[in-house]
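> Chains as they are written, first to last, in the numbering used here: chain E, 10 to 203; chain U, 3 to 188.
Don't take each hint at face value.
[As the list claims (entries may be wrong)] Facing chain U, a subset of chain E residues (Cβ under 8 Å, in silico):
hint : residue
1    : 28
2    : 32
3    : 33
4    : 34
5    : 41
6    : 42
7    : 43
8    : 45
9    : 46
10   : 49
11   : 53
12   : 67
13   : 75
14   : 109
Read the hints as simulated data drawn from the structure, not as lab findings. Beta carbons are placed, not taken as given, at the ideal position from N, Cα and C, and that holds for glycine.
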Amino acid sequence: MIGVGKVKQYSNVLDKPLSKGKQEVSLSAFAFLFSELVQYNQTQVDNIAELERRLEDAGYSVGARVLELLCHRDKGNRRETRLLGILSFVHSTVWKVLFGKVADSLEKGTEHEDEYMISEKELLVNRFISIPKDMGTFNCGAFVAGIVRGVLDSAGFPAVVTAHFVPIEGQQRPRTTILIKFAEEVLKREARLG
Amino acid sequence: MAPAGPRSGDAIFASAERVNAELFTLTYGAIVRQLLTDLEEVEEVNKQLDQMGYNIGIRLVDEFLAKSNVSRCIDFKETAEVIAKVGFKMFLGVTASVTNWDADGTCCSIVLEDNPLVDFVELPDTCQGLYYCNVLSGVIRGALEMVSMKTEVTWARDMLRGDDAFELQVKLLKQVPEEYPYKDDE
Numbered sequence: 010m011i012g013v014g015k016v017k018q019y020s021n022v023l024d025k026p027l028s029k030g031k032q033e034v035s036l037s038a039f040a041f042l043f044s045e046l047v048q049y050n051q052t053q054v055d056n057i058a059e060l061e062r063r064l065e066d067a068g069y070s071v072g073a074r075v076l077e078l079l080c081h082r083d084k085g086n087r088r089e090t091r092l093l094g095i096l097s098f099v100h101s102t103v104w105k106v107l108f109g110k111v112a113d114s115l116e117k118g119t120e121h122e123d124e125y126m127i128s129e130k131e132l133l134v135n136r137f138i139s140i141p142k143d144m145g146t147f148n149c150g151a152f153v154a155g156i157v158r159g160v161l162d163s164a165g166f167p168a169v170v171t172a173h174f175v176p177i178e179g180q181q182r183p184r185t186t187i188l189i190k191f192a193e194e195v196l197k198r199e200a201r202l203g
Numbered sequence: 003m004a005p006a007g008p009r010s011g012d013a014i015f016a017s018a019e020r021v022n023a024e025l026f027t028l029t030y031g032a033i034v035r036q037l038l039t040d041l042e043e044v045e046e047v048n049k050q051l052d053q054m055g056y057n058i059g060i061r062l063v064d065e066f067l068a069k070s071n072v073s074r075c076i077d078f079k080e081t082a083e084v085i086a087k088v089g090f091k092m093f094l095g096v097t098a099s100v101t102n103w104d105a106d107g108t109c110c111s112i113v114l115e116d117n118p119l120v121d122f123v124e125l126p127d128t129c130q131g132l133y134y135c136n137v138l139s140g141v142i143r144g145a146l147e148m149v150s151m152k153t154e155v156t157w158a159r160d161m162l163r164g165d166d167a168f169e170l171q172v173k174l175l176k177q178v179p180e181e182y183p184y185k186d187d188e
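Take the sequences, apply the hints, and build the full model.
What follows is the structure, given as structure tokens:
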């Protein structure tokens with residue numbers, strides 16, 4: 010038989026060599042799958058907040074694994090321990106691996122010391138999504154917010170992360186901003202480290 | 003005679019927009035975990051995954067036909083080849099092979115050489131009855147149903163269950179003749 014024997018079997022998933030992460034699937038395959046994730050979760054909730062929370066939870070579990078994977082593969086089993094370090098890790102490394110590009114921008118909130126924003130003109134998961142009028146401010150970016158929270162939380166930077174549409178002037182489609190609000194202890198620790 | 007369509011999805015995959023397979027793999031993992039938490043019974047999860055695949059399949063076939071430029075398949079044998087060589091490549095970037103034909107050409111196996119769904123995956127003892135990749139069988143069933151073929155798709159071998167390959171058995175149940183959605187006199 011053709012093909013059989015090419016795939017090596019491992020008794021334990023940890024024995025398997027870690028892939029270099031260069032493999033790709035078509036964007037459509039991902040979009041179809043993501044759409045099913047959203048549709049399924051819609052059947053499990055009564056309101057938008059609940060739906061966003063469930064998408065965020067799904068994303069969280071992805072984020073936690075991405076952190077582990079990337080720290081092991083790209084950073085020689087080290088991870089960032091400082092606030093700006095971990096933010097730029099999310100904005101550059103994580104984004105590049107997951108979405109094929111560095112995020113459009115990373116900014117510090119102007120009103121609050123503990124807020125940071127990662128913005129993306131056209132977030133991958135929102136590419137083929139249009140929000141029905143009756144769903145108000147719902148943003149599928151909640152999934153990505155969950156990924157970010159998963160990475161940050163697992164790295165020891167607990168935060169509340171939310172996704173928002175922000176209209177851009179002269180453009181039909183709004184951009185998505187991922188708002189990160191760090192827990193108090195993170196900022197205290199950061200201040201102590203100087 | 004119409005020119006034969008492509009017999010490999012390489013070119014289509016190369017020109018398509020693509021995403022990192024790890025994002026795909028981990029997202030799928032998140033879905034399976036969510037289903038396991040929500041539905042509790044492994045059997046129910048298998049069903050739901052198949053249903054999700056079916057939903058994808060009935061939509062995916064449109065994109066497949068629009069982009070692949072394949073001509074009408076003359077028989078089920080050709081259909082299976084096209085799924086394995088063009089379909090899998092076009093969407094998942096992997097190739098599969100068709101084998102184990104039965105005598106009357108209505109049942110065959112599609113063997114996956116590589117499966118991006120299962121990277122990093124190991125089934126715990128509590129999930130031994132899980133067909134982790136059941137979404138794939140649903141996709142094939144859904145897509146074929148849209149082109150008038152009722153099929154039954156089951157897993158014959160699953161590496162997560164200790165087999166040496168991923169093998170889907172595709173059985174053609176019946177070919178539904180195309181019907182016009184309207185009557186002539188209306």
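> Which numbered conditions among the earlier hints are violated in the structure presented, ordered from lowest to highest?
Of the numbered hints, all hold.
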